[in-house]
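Trainee: Full structure from sequences and hints, please.
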Amino acid sequence: MSGLGALIKKEFKEQIKTYRLLIIAVVFLVFGLATPLMLKYLPQIIKLAGENIVIDIPPASAVQALTEYADTIIQVGVLLVVLTAMGAISGEVYKGTAAMVLSKPVSRASFIFAKLFALSTSFIAALILASAACYGYTVILLGEANFSAFMALNGLLILFFMVAISVTLLFSSVFRSHLAAGGLALVVLIGQAVMVNIPRLGDYMPAGLVSWGIGLLSGEEASAWGALRISLAVIVACLYLTWLRMRNKEL
Amino acid sequence: MLAIRCEGLTKLYRDVVALDRLDLVVKERSVFGFLGPNGAGKTTTIKLLVGLSTPLLGRAWIAGQEVSPEAIELRNKIGYLPEVPTFYNWMSGREFLFFTGELYHLSKEEIENRCNELLELVELKEAAKRKIGSYSRGMRQRLGIAQALINRPEIIFLDEPCSALDPIGRRDVLDLIKRLSTDATVFMSTHILSDVERVCDSVAVIDRGKLVTTSSIEELRRKYAHSVFELEFEEEPSPLIAMFQGMKWLTKFEQVELDGSPALYLWVTDINTAKKELPSIVAASGLTLLRYELTLPSLEDIFVQLVNGEDKI
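Residue numbers (my numbering), protein chains in the order written: chain A, 1 to 251; chain B, 1 to 313.
Take these hints with a grain of salt, some might be off.
[Said to hold, decoys possible] Which residues of chain A face chain B? A few of them, derived with a C-beta cut under 10 Å, are:
{"no.": "1", "residue": "GLY3"}
{"no.": "2", "residue": "THR18"}
{"no.": "3", "residue": "LYS95"}
{"no.": "4", "residue": "THR97"}
{"no.": "5", "residue": "MET100"}
{"no.": "6", "residue": "SER103"}
{"no.": "7", "residue": "PRO105"}
{"no.": "8", "residue": "SER107"}
{"no.": "9", "residue": "ARG108"}
{"no.": "10", "residue": "ASN248"}
{"no.": "11", "residue": "LEU251"}
[Unchecked claim] Distance windows between CB atoms, simulated:
{"no.": "12", "chain 1": "B", "residue 1": "LYS129", "chain 2": "A", "residue 2": "PHE12", "range": "16 to 22 Å"}
{"no.": "13", "chain 1": "A", "residue 1": "MET195", "chain 2": "B", "residue 2": "GLY64", "range": "40 to 46 Å"}
{"no.": "14", "chain 1": "A", "residue 1": "VAL236", "chain 2": "B", "residue 2": "ASN113", "range": "38 to 44 Å"}
{"no.": "15", "chain 1": "B", "residue 1": "ASN89", "chain 2": "A", "residue 2": "ALA152", "range": "58 to 64 Å"}
Note that these hints are calculated values from the structure, not bench results.
The beta-carbon is built from N, C-alpha and C at its ideal position, and this holds for glycine as well.
Mentor: Dropping the structure here:
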């Protein structure tokens with residue numbers, strides 16, 4: 001893959017100089033910190049809000065905080081993935097920078113892989129930051145939690161984000177418009193999340209990875225290897241289709 | 001040796017023929033002008049030659065190697081300036097040049113040296129650290145030229161290289177192009193004929209995707225340039241027109257009025273015979289001659305003549 005190193009370096013520089021990496025990291029960190037804090041102090045917050053309201057809230061548990069974190073981070077994360085990746089290819093093709101770069105000794109596969117690698121790394125870094133903050137605060141505020149299960153959950157979240165990035169990059173190579181690419185990627189990602197509830201079929205949806213990870217936190221034995229295999233297959237298929245699309249693209 | 005060779009290059013955009021069986025050869029170490037009106041197929045040809053686009057039919061070779069989007073190694077020999085160069089606006093001019101050097105796998109030291117040389121050459125040294133987003137169109141064009149030269153290419157494709165430049169910038173770029181031809185082949189598309197006359201060794205004229213002609217500038221003049229005599233009289237030149245019958249050196253004539261005086265434009269093929277015979281014919285006609293002038297057509301006249309289909313090969 002010719003030119004890959006230079007392209008990856010450029011992608012990282014772009015993430016830093018355009019503040020994308022900072023924004024992703026800050027948003028993830030805020031949600032990572034806020035989830036255990038909110039759960040711990042929710043009863044006090046409600047008490048402060050109304051004098052005569054009596055709501056009986058059971059004390060929050062560490063598992064509950066980590067589950068809440070996973071639910072929130074996946075929703076916010078998918079939105080951020082779509083927003084950052086939807087113009088990654090279409091924007092460069094439309095503006096002409098893709099033609100400028102691809103007239104050099106650079107393969108189209110390198111051009112795509114550099115984007116996937118840089119975006120994935122940024123989201124992994126942000127997720128590590130958020131998960132460390134969330135786990136630390138959870139332990140401090142709500143007590144011990146199953147660390148290895150939480151690590152496994154984060155590993156599954158990373159895989160899900162890579163699915164989201166690959167799907168968005170594919171649509172970004174197909175459409176000229178960022179909005180069309182982003183909109184369609186969101187439809188697909190939300191669609192498969194809805195389908196998770198369909199018996200049998202749901203076991204193979206990438207969103208099943210998140211349910212699996214959350215289940216591990218509560219000590220459930222159920223696994224979703226089917227969802228994992230399909231997720232890996234979706235990443236490979238999306239990259240292949242993106243490459244096919246780019247290979248035939250007139251620049 | 002040939003720097004560029006195309007055989008039957010054909011490109012269609014939906015049902016529009018952008019390029020129609022283009023055959024072309026460009027010699028090494030020359031400046032080749034690719035001329036044509038807007039929409040003639042100049043940019044399409046360059047994109048095919050640098051591997052950014054694929055032809056429907058036909059093949060092309062650069063430095064003996066066949067061109068295709070997969071021929072990545074070949075691009076080490078090529079420099080390319082697009083019609084409207086675009087950059088990453090968040091980068092500085094220097095950063096972009098450095099990035100381009102990395103894409104060509106140059107060493108860090110080599111890139112540093114080349115960046116300094118090129119920034120000096122295109123007069124962007126002072127603006128080198130400024131973000132490209134703040135550059136003017138002319139500065140972007142000059143940065144585009146610099147990035148096309150970073151790898152010391154054997155063949156340089158310049159798509160309208162002077163289009164955004166002021167007269168001084170244009171002169172400098174044309175001088176640079178002329179200098180480059182000592183070590184490299186320059187293939188430049190343009191519709192500015194004075195630029196072609198100034199730097200090009202040979203040209204190809206393309207119109208509506210079809211090659212109209214290709215030759216050296218001198219040959220083009222010799223082949224297509226019909227000298228024109230302008231004769232201005234005090235009275236109607238009808239007696240003279242009658243005497244033109246049977247003059248083989250006369251291609252055509254046109255009667256016009258110049259500042260109220262009747263005049264004749266005479267297009268001739270054999271200039272020497274015309275020079276000898278025309279004064280005596282005018283004298284024999286008895287007309288009062290006010291002005292007698294021989295004009296040589298410019299490349300612009302030839303271009304218009306060729307594109308209008310008056311004299312296709």
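Trainee: For each hint, tell me whether it holds in the structure or not.
Mentor: Hint by hint, here is what the structure shows:
{"no.": "1", "hint": "GLY3", "in the structure": "5 Å, holds"}
{"no.": "2", "hint": "THR18", "in the structure": "6 Å, holds"}
{"no.": "3", "hint": "LYS95", "in the structure": "5 Å, holds"}
{"no.": "4", "hint": "THR97", "in the structure": "5 Å, holds"}
{"no.": "5", "hint": "MET100", "in the structure": "6 Å, holds"}
{"no.": "6", "hint": "SER103", "in the structure": "4 Å, holds"}
{"no.": "7", "hint": "PRO105", "in the structure": "4 Å, holds"}
{"no.": "8", "hint": "SER107", "in the structure": "6 Å, holds"}
{"no.": "9", "hint": "ARG108", "in the structure": "7 Å, holds"}
{"no.": "10", "hint": "ASN248", "in the structure": "8 Å, holds"}
{"no.": "11", "hint": "LEU251", "in the structure": "4 Å, holds"}
{"no.": "12", "hint": "B:LYS129 to A:PHE12: 16 to 22 Å", "in the structure": "20 Å, holds"}
{"no.": "13", "hint": "A:MET195 to B:GLY64: 40 to 46 Å", "in the structure": "55 Å, violated"}
{"no.": "14", "hint": "A:VAL236 to B:ASN113: 38 to 44 Å", "in the structure": "42 Å, holds"}
{"no.": "15", "hint": "B:ASN89 to A:ALA152: 58 to 64 Å", "in the structure": "42 Å, violated"}
Violated hints for the displayed structure, listed by number in ascending order: 13 and 15.
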